[in-house]
Amino acid sequence: MLLIKNGRVIDPATKTDASLDVLLDGEKIKEVGPAGKVAVPQGTEVFDASELIVAPGFIDLHAHLREPGQESSETIETGTRAAARGGFTAVCCMPNTRPVNDNASVTRFILDRAKAGGSVRVWPIGAASVGSKGEAIAEIAGMKEAGIVAVSDDGKPIATAKLTRQVMDYCRSLDLPVIEHSEDVSLAAGAVMREGVTSTRLGLRGMPAAAESVCVTRDVQLAELTGARLHVAHLSAKASLEQVRWAKSRGLRVSCEVTPHHFTLIDEDVQYDSKFKMNPPLAAREDREELLAGLADGTVDAIATDHAPHEPALKDVEFDRAPFGILGFETALALALEQLVHSGRIPLMRMVELFTAGPARVLGIERKVAASQPSDLTIFSVNHSWTYHLKESPSKSRNSPFDGRAFKGGPIATVVAGRVVHKQ
Amino acid sequence: MSTKFRDLLALEPLTADELGFLLDQSKPFQEIQKHPLKKLATLRGKTVALAFFETSTRTRISFGAAASRLGADTMNLQAEASSLKKGETLLDTVFNLNAMKPDCLVMRHAASGAPHYVARHLDIPVVNAGDGTHEHPSQGLLDALTIRDRLGTIKNLNVTILGDILHSRVARSNIHLLGKFGCKFTLCGPAMWVPRELEKIAPGTPIRCVYRIEGALEGADVIMMLRVQTERLNDPPLSADDYILLYQLNPERLRRASPKAIVLHPGPINRGIEITPEVADGPQSCVLEQVTNGVAVRMAILYLLISGATETDTHPALQVKSKESANASD
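Residue numbers (the numbering used here), protein chains in the order written: chain A, 1 to 424; chain B, 1 to 330.
Hints listed in this document are in silico derivations from the structure and should not be mistaken for laboratory results. Where is the CB? At the ideal position from N, CA and C, for every residue including glycine. Warning: the hint list may mix true and false statements.
Partner residues aside, some chain B positions facing chain A, computed with beta carbon under 10 Å [claimed, not checked]: (1) LEU90; (2) LEU91; (3) LEU122; (4) ASP131; (5) ARG169; (6) ARG172; (7) GLY204; (8) ARG208; (9) ASP242; (10) LEU246; (11) GLN248; (12) ASN250.
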């Protein structure tokens, strides 16, 4: 058994903010009680969490682990080690692997690899269409039986409105969320950053904010038509957030996530350096302001990393030629503390919700610090000074714009199924 | 000013003083172009690598002539002959060129920012000879030199640029250079080529976007034509006839500009599309002077970057000549 003692437990699911001891018995939480009042059997290992926050295990709804197929950029083993360092206890991995995770055998392969070498829980997301090609519906029921938690054609949107409608109908019957990478690909064709003054100044081809919001609008309408659970991935534009707000006001089952890089950086930060290239691209100043408002007022359901490793050989090229995506696991919590909590925009409880109860709700599960719940805990500090050094990352890739950034607060220990998988 | 120009990647970050210095340094090299014997020995023993990853005729020849008139040797890499098609990365190609020990790399590339990216990895000077739709610094300098020769100043002029501004590296370099000397810009063309964002790319410089050529030419001192790239006519699909109807510079339209207005074009010209032959060959056109000045400007750039010279050490062979231009700085 493992006792996490003297920590400040913050659990939005139970509205708890108190100094509590948490006793873990293998896979399950055995008991949660006032500090010093929990009966501890002989031989129990003790983790002193004094001056630390103890939260339910963080869930990342959006990550790319690159296995199978692109193991030179990341593997389930290296990716989940990076996730553990970032405080995540479970990561949802997108299906755009090679081959695409569009059938149960690929799903089982991913889960087998995670079981063999994963540091944290891996929850695969299945493709919505065969090969994510946007033609035929993938074997979603088979994948669900194998263990997927949602479907998505991430990397691109589900190709047509008709297929999106059909996938939504089908997933409603299977009670799975449909996660959409919202992008009108014709509006975004050839673009490498957000369209605006900066793209115009740099001579880089931009995609307008409407490339995202046009697709979100379409999908919200289809969610109303079908009654499906729609989750908008990596939402970046003000107009998209307004659509989600409208959908929620209508009582539709629509949710959304925002990435740390979109609530931290803006298009004006882009230089001719592919570490600033991701899709959706860094948005305008006013978009970021709106995302911050949405994170505060509850419109945004989750913070998700969109951890997208690309090996240096692929990423270290001209800006135009570089693939989209940056690393995200190890800086997510520290950026959330910096941008959201220390800045006074949201209370710590709300931030924890965005990493725990929020994403859990999207997946239709519960995460809380209570007896008989899974022994997944994220233990972090809000005030220790540290610097993110890419060279220390277990990830196989190095594509982060945050190398060398100094932070106040971040992950200290990550507990998955009662085991400490990362400790600072 | 004691600036040492390490690279010449863009005009945007340079100050008016630095830009004026570059123009002044070009003046003596303009004189050289008039001599029967044009070759100097200044950079004898030096090598200039010309790496053109995007096809170019006049800029490549112009840099080549500039190097050779300074006495330097050149190494040529052209896209067709490059190993990029064999899968080599840009950086590997450049490292291989650099291993042959040139003293300067002049590069053109279809990707905006490619010279900035390369310069971060090289310790020899890098000259941007045009990067994607970003900047074309030597073109901006040669245009300014041409304007100063014709109009006597580059200060406080009304400059109208016509055509596909969004995709023009020439327009950006001109805006960043002339804007620092108080010029006002009118950008004119079809709206998809002249987005409103252009009005904000150079804070402090008045830029307005208009969509009718008649208004754009009123009171213009300088009219800059841009080549209508026929490949661009396909994205978005736009009829050449429509373009001619709305935006072709013909003698009648030119009369709306100041009577002393001059017409510049970076070439190559599409006669009968963006400009009529009467205008292209007329007295207000500066097209061929631009080309001549291009060699002078590029000589100055290569001289400054390779010799590491600053304002205080003008080329010795040119000191007599340069005195007359000592006050020519705008």
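So, going through the hints one by one against the coordinates:
At its closest, the beta carbon of LEU90(B) sits 6 Å from a beta carbon of chain A; the interface hint therefore holds under the 10 Å criterion. Against a cut-off of 10 Å between C-beta atoms, the interface hint on LEU91(B) holds, since the closest Cβ of chain A lies about 7 Å away. Because the closest C-beta pair between LEU122(B) and chain A is about 14 Å apart, greater than 10 Å, the hint is violated. The beta carbon of ASP131(B) comes within 7 Å of a beta carbon in chain A, closer than 10 Å, and the hint placing it at the interface holds.
About 6 Å separates the beta-carbon of ARG169(B) from the nearest beta-carbon of chain A, less than 10 Å, and the hint is met. Taking 10 Å as the C-beta contact cut-off toward chain A, the hint placing ARG172(B) at the interface holds, the least distance being around 7 Å. The criterion of a C-beta within 10 Å of any C-beta in chain A is not met by GLY204(B), whose closest approach is roughly 13 Å, and the hint is violated. With a cut of 10 Å, the hint placing ARG208(B) at the interface with chain A is violated, because the nearest CB-to-CB distance is about 15 Å.
About 22 Å separates the beta-carbon of ASP242(B) from the nearest beta-carbon of chain A, more than 10 Å, and the hint is not met. For LEU246(B), the interface hint is violated, the least distance from its beta-carbon to any beta-carbon of chain A being 22 Å, above 10 Å. This hint is violated: GLN248(B) has a C-beta 25 Å from the nearest C-beta of chain A, more than the 10 Å allowed. The closest approach between the C-beta of ASN250(B) and any C-beta of chain A is roughly 29 Å, which is over the 10 Å cut-off, so the hint fails.
Taken one by one, the earlier hints fail for this structure at numbers 3, 7, 8, 9, 10, 11, 12, listed in ascending order.
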